[in-house]
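Colleague: One-letter residues, chain by chain:
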Amino acid sequence: MADRRHVSTATRRQFLTVAGSLVGSVAVASAQTVRPAAATTAAAAIGELVGDAPVHQGKVKLEVPPLVENGNAVPLTVSVDSPMTAGDHVKSIHIFNEKNPQPNVASFYLDPRAGRAQVSTRIRLADSQKVIAIAQLSDDSFWSDSVDVVVTLAACLENPQK
Amino acid sequence: MHDLPQMNRRSFVIGTAAVGGGLALGLELPFGQARAATGRPEVNAWVVVRPDETVVIRVARSEMGQGTITGLAQLVAEELECDWSKVTVEYPTPGQNVARERVWGNMSTGGSRGIRDSQELVRKGGAAARLMLIQAAADAWNVPAVECGAVGGVITHKPSGRTTTFGKVAEAAGKLDPPKEIQLKDPKDWKVAGKPLKRLDTIDKLTGKLTYGVDVKLPGMLNAAIRDCPVFGGKVKSFDPGKVAGMPGVKKVVPVGDSAIAVVADTWWQAKTALDALPIVWEEGENAKVSSASIAEWLKAGLDAEEAFVGNQNGDAKAALADAAKKVDAVYSYPYQNHATMEPMNATALYAADKCEVWCPTQNGETALAAVIEASGLPANKCDVHKLTLGGGFGRRIFTDFLRQAVAIAKEMPGTPVKLLWSREEDMTHGRYHPVTQAKMVGGFDAGGNLTALHMRISGQSILASVFPQNLQNGRDPATFQGLNPSGVEAAIGYTVPNLLIDHSMRNPHVPPGFWRGVNINHNAIYLECFIDELAHAAGQDPVAFRRKLMAAHPKHLAVLNAAADGIGWEKPAPQGVHRGIAQMMAFGSYVAAATEISVTGGNKIKIHRIVAATDPGYAVNPAQIERQIAGSFVYGLSALFYQECTVKGGRIEQENFDTYGSMRIADMPKVEAVIMPSGGFWGGVGEPTICVAAPAVLNAFFNATGKRIRSFPLKNHNLSFA
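So the protein lines, in turn, are chains A and B. Going by our numbering, the letters in the first sequence line up with residues 4 to 165, in that order. Going by our numbering, the letters in the second sequence line up with residues 17 to 739, in that order.
In isolation and in its complexed conformation, chain A is listed as follows (with noise of 0.2 Å):
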């Protein structure tokens, strides 16, 4: 599991939602699922969340090692530098990888109640690839920081159909 020190006020459904789609998961605020987006690429993904508005490196910590042993449960955790008032707040945080078959893992939908703009949870992932995470604030600006992760996969049955 995740970090538990940051076990939130998450409902049992909405944390059931959540889990769904990841590999268990416990956020700091209400979380819900996004649905599947049409968007094939994590650039098109991004694209659609935020539009035209630019995407500012800082801000945001994603914490995922760099290297994991497996891509089946992949821990991570997104922290941004945030006051979380209700003038000064994390709207959400979504998470995008490149090679997974859906390139918006999660959305996080957080509030000031949320107490700390701060969420954790578990992602599968297919490869090696980059994992980003964009933080949308209370004035709509967007944050963001990436990270590099490499899936150690067993070689014995790399590309097995090859």
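Hints were generated in silico from the structure; no laboratory data involved. Treat each hint with caution, since some may be false.
Unchecked claim - Pairs of lysine-lysine, DSBU-like flavour, derived with a Cα cap of 30 Å: (1) A:133 with B:398; (2) B:102 with B:253; (3) A:102 with B:398; (4) B:184 with B:174; (5) A:64 with B:398; (6) B:102 with A:133; (7) B:140 with B:184; (8) B:140 with A:102; (9) B:572 with B:207; (10) B:251 with B:102; (11) A:62 with B:371.
Since the structure of chain A is provided, determine the placement of chain B on it from the hints.
Modeller: Chain B only, in chain A's frame:
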């Protein structure tokens, strides 16, 4: 290899003594030593040239007897143009690989991929180093680099005849930018690669200089023995550490996860003795009801199940079989098997609040590091893994269960290194087993005796469903169809049948499956190649001629089949009392075939007189090593055929040691005549493919000798043994 510091026991011990139990332990020493001795001897990530002209080639893949460090070093040396007699090798650590943005690429060593997946990277590494060394010499002489060349570690300015050596310019070369364009040699021009050179590690192996996992000794190190619940999926219900607390040497009793208990003591035998005396009550769970018989019954139902994942399909096999003038069918089965590495699973871990280091034999340094990161809870840059020579891998040491256990134990004893060593019994009963399957084969002929349809239904366990469920394709395990795929460069079927269906009813018992040298090809080859023989016999045709007719569209498969047949003298009569068998397959990117000559006495004593084995691996980097891999594949494959089966009773594996899990002896082993026939244009593996043709080539000969088809294994269950 004489100068391979981190594998060398003497420098290892000196290194650890020098730092007196600190965190910077011996295996880090080689890099420090090299730098201290020569300043900047590294030309690039792959090549270090010392002032004494010693060339250290860094190899990312793991050596486990297959010879990969020698082959990879040959490829680097070929492009480097160094003096081969001056070459030694060393492993970079996975932590260094991460810190240097994976400059050494993937460290995984399995799937017969050591050379084929990294040949381009290592050749470019060697070529880049050569160009940098030449440039450094040219700069010193103030001449154009194009006027200079390198041979045997000596750089010559051709117009003037001036010479220098790699060792003299290495430091300057290391400061240059790497070349942007690299032209690799055509393999036909190879002088070092492609030659049957001696292995780099043989002398150190013979003299006991190599450090295996079981050899590790660190200052202040404690030893641990472990017992996991004998029933897979079971848990520890209770245990009583008070009963062993006062026993000699015992330091601590540590629960590991929810299913295992470890005892830590001064010596391993003290830990093992206390563990034997420790009262543990297991909560075995539902799996305790499972037996080999219940698994077999479940798999048998899959042979005729309606739903199945399709692996290869053309035409309409079911309709064609219904219309067939003649039908032949047979049911085969293949058991669970353990890797049974000579060196049991082990790992030595040192955990502190700010660092975790592990020393272990592993087939994938990066996977091991990822497991250490996760098990220790520390950031990646605080963890590292020091790879040691493997006392056997065969796919078992791709897994990290034992390593995670070692870290979990070490976390309970911060600052103290702990070596966890499994007993043989623990190793035999907690493997990652060759999966269990059955197959129903049905073939149909038209009135003219032509094979019109073939249905192969595999029922049984998927490895990916257990190990990498994220790599299933809509529930289907593509790896199940290894060697049976319609096409592709990895493992395609070698026959064309007008109506073909190969499908899989997936049934996953609780026994954990793994990648056992050869993986799914081992049973697939027995099922297909023995049944093709049955079909040939039913059609009244010679097995080689019958195959050739089906293989016209598969010239590389056909070429190795013909080579094996020619080698054994298929067209000529066999000696009196001697009978022949043949089999072919494609796996791990290579084409393989084997033909055998056997005799059978008393109906049950089998003597193998000759084996001819042909392999087309595309390119042959070290033909001598390929020859040994081919011969070794028969030792592994025939041991499995004659002796090896892990049976399940009460949810646990019954075989605990070599008294009930045998292997063939040297007197049983005939000479293997290897035909290495690299046809170029592709890169195939050699460590695994040949294993799969060992069994069917003997089984088909056994039929020719006795008229009996054996369809379940091992042969000991049929009272069959070596003569």
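Colleague: Of all the hints numbered above, which does this structure not satisfy? Sort the numbers upward.
Modeller: 2, 6, 10
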